[in-house]
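Q: Protein sequence lines, in the order shown, are assigned to chains Z and U.
So the first sequence is numbered by the working numbering: it starts at 754 and just counts up by one.
So the second sequence is numbered by the working numbering: it starts at 3 and just counts up by one.
Derived by calculation from the structure, the hints in this document are not laboratory data.
Worth double-checking, as some hints may not be accurate.
Stated by the list, open to error - In silico negatives: residues of chain U with every beta carbon more than 10 Å from chain Z:
hint	residue
1	Leu-53
2	Arg-73
3	Ala-77
4	Arg-78
5	Ala-88
6	Glu-97
7	Glu-123
8	Gly-143
9	His-175
10	Asp-228
Said to hold, decoys possible - Chain U stretches covered by chain Z per the calculated footprint, using a threshold of three residues with CB under 8 Å from any CB of chain Z:
hint	region
11	79 to 87
12	99 to 113
Small disclaimer: the values here were computed from a predicted structure and weren't measured.
Cβ atoms here follow ideal geometry from the backbone N, Cα and C, with glycine treated the same way.
Chain residues, written in single-letter form:
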Amino acid sequence: MRRSRLFLLLLILVGSILALSLGLSVLVGDLKLSPEEVAQALKARLAGQTGGDAVADAVVWQVRIPRALAAAFVGAALSCCGAVFQGLLLNPLAEPYTMGVASGAAFGAALSITFGLGAITPLAFAGSLLSLGLVWLLGRRTDFIEPTRLILAGVIVSSILSAGITLLQVLAGQQVAAIVLWLLGSFTRADWAMARWTFLASLAALFLGLSRHRELDIIASGGRAAAFGVDEERLRLFLLAGASLVTAAVVSACGVIGFVGLVVPHLVRLLLGPSHGRLLVLSWFGGAALMVGADLTARLLGELPIGVVTALVGGPVFCLLLWRRC
Amino acid sequence: MALSAKNLSVGYGGRPVLRHLDLELAPGRLVALLGPNGCGKSTLLAALCGLLPLQEGSIVIDGAPLASLSRLALARKVALVPQASAFTLPFSVDEVVLMGRYPHLGRFGRLGPEDRAIAAEALKAVGLEGFGTRLVNALSGGEVQRVTLARALAQKTGTLLLDEPTSALDPGHVVDVMALLERLREDGKSLVVALHDVNVALASADAVAFLKEGSLIRLCRPDEVDGELLREVYGVEWRVGRWQGQAVALPKRGVRS
Chain Z
754 MRRSRLFLLL LILVGSILAL SLGLSVLVGD LKLSPEEVAQ ALKARLAGQT GGDAVADAVV
814 WQVRIPRALA AAFVGAALSC CGAVFQGLLL NPLAEPYTMG VASGAAFGAA LSITFGLGAI
874 TPLAFAGSLL SLGLVWLLGR RTDFIEPTRL ILAGVIVSSI LSAGITLLQV LAGQQVAAIV
934 LWLLGSFTRA DWAMARWTFL ASLAALFLGL SRHRELDIIA SGGRAAAFGV DEERLRLFLL
994 AGASLVTAAV VSACGVIGFV GLVVPHLVRL LLGPSHGRLL VLSWFGGAAL MVGADLTARL
1054 LGELPIGVVT ALVGGPVFCL LLWRRC
Chain U
3 MALSAKNLSV GYGGRPVLRH LDLELAPGRL VALLGPNGCG KSTLLAALCG LLPLQEGSIV
63 IDGAPLASLS RLALARKVAL VPQASAFTLP FSVDEVVLMG RYPHLGRFGR LGPEDRAIAA
123 EALKAVGLEG FGTRLVNALS GGEVQRVTLA RALAQKTGTL LLDEPTSALD PGHVVDVMAL
183 LERLREDGKS LVVALHDVNV ALASADAVAF LKEGSLIRLC RPDEVDGELL REVYGVEWRV
243 GRWQGQAVAL PKRGVRS
């Protein structure tokens, strides 16, 4: 029962870190506002008053809070999806983008930017659905879903789409920077709509995993899940499709942010063990805290693309994990 | 009958592994499956708990045709202890044994004190009391084998199918596990146990089923096993005798017929 105690402890710890980083994200920014001004703006709205400092109000309520929340929910959703993919595919390198969702979204976005079609998010979403469908068709034999085959199909479709993205970048001319920036992800466009959307996505990811956490445990333990009454085929279908859709929703909103979905579940597993009930809940909070922290760092360093920050932090962390394992 | 298979044929992708096999198991009986590597023992066990599609024949469990049972209902009637499996992820022993309770929980059912009591009892039965918080990937092969047995016991089924449950155990633990299986038999459970050790089978089983190339060539009492039968099954000469009331079989070295 040690693990359940540790879980509560870590939950409180990570929850506090999340709260702290959310608070910091609201306090800190390009426009220098003193903590009192921020507090004033917060209080005014919460008390239902209008007027006061319009600039502080707009910065706090229309920029900083939705942005911090969107970052948190994206991190949470990606981490939960990563945990589901790793458990389901029995592959430690599986991540939310394993099914080619990211490159599909990137392709859709690049298409939209290059030809000035506008509507980046819907096209990115369409692109991710398209590549998901392709991977599914390739990876699924008529009667059985094989993890290795799916992963391979994901790699193949992703590399074809990457070639397409490179081609679009060549064609894009002046727009090439915009494509590169989108590819690395960012929360500069975050607003309340995005915060709401990603909130729903993160909850969907969490409950998707939690509703099947015992089945995930049995599969991850390497047992013959069918001998315990688990319908493995239907489970794979349900979870792979569900987690991929959530990932597609997230990626098309904020761009491709790597490493969070890969590293956070591994870190949590290292601390708490592989049991999926606890793993998913803690990954939700851990991913949220990490992403808010990364976004804060990106902002403080002059609006770096957030994918750069997560890769710079996540890469070495992952190296360390590998190093310690072997 | 706790379990009966009629005219069973099973194969992988067209290649037949079991051919027209009949087997009946009464409640409170322990049947040992013997036969050379690749003769279809594991395939038979997998088929009996519904893991493989049947090409021909039928299986009836507790009076219900296997095809009519849902996966979960089947997992409440028959438990499988697979061949020595390795755990790669650091699940705790408790977590693994509690997986055996899965077929008894609803979709959003939570593990209750009753489930935990059953899991603790199962761990005690296999002699792993106090191992609950240990991590399965850090256990010895024999301990892992007993953990998987405890997981099957936690399933609380009437029938247990065991695939070489003693292959990784030292002689002392072999005796312990076989004594446990005999106790389960006294409790009225029915057991099918695939074994490689002929003497372990002769000592504990009510009946011995000999498989060769996917066919059941003989089903008999342990005291009916003789050298000729063993030679036919394994392809080497055997000496079979009795020692202090128990049948003992020894293969002869270097004589392959």
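Q: A separate judgement is required for each hint: does it hold in the structure or not?
A: We went through each hint and held it up to the structure:
1. Leu-53: 5 Å, violated
2. Arg-73: 4 Å, violated
3. Ala-77: 3 Å, violated
4. Arg-78: 8 Å, violated
5. Ala-88: Non-interface label fails for U:Ala-88: nearest chain Z Cβ at 7 Å, not farther than 10 Å.
6. Glu-97: Contrary to the label, U:Glu-97 does not stay out of reach of chain Z, its closest Cβ about 5 Å off (not over 10 Å).
7. Glu-123: Holds, because the least Cβ-Cβ distance between U:Glu-123 and chain Z comes to about 17 Å, which exceeds 10 Å.
8. Gly-143: Answer for U:Gly-143: holds, closest chain Z Cβ roughly 15 Å.
9. His-175: 22 Å, holds
10. Asp-228: U:Asp-228 clear of chain Z: closest Cβ-Cβ about 36 Å, beyond 10 Å.
11. 79 to 87: holds (count 4)
12. 99 to 113: holds (count 7)
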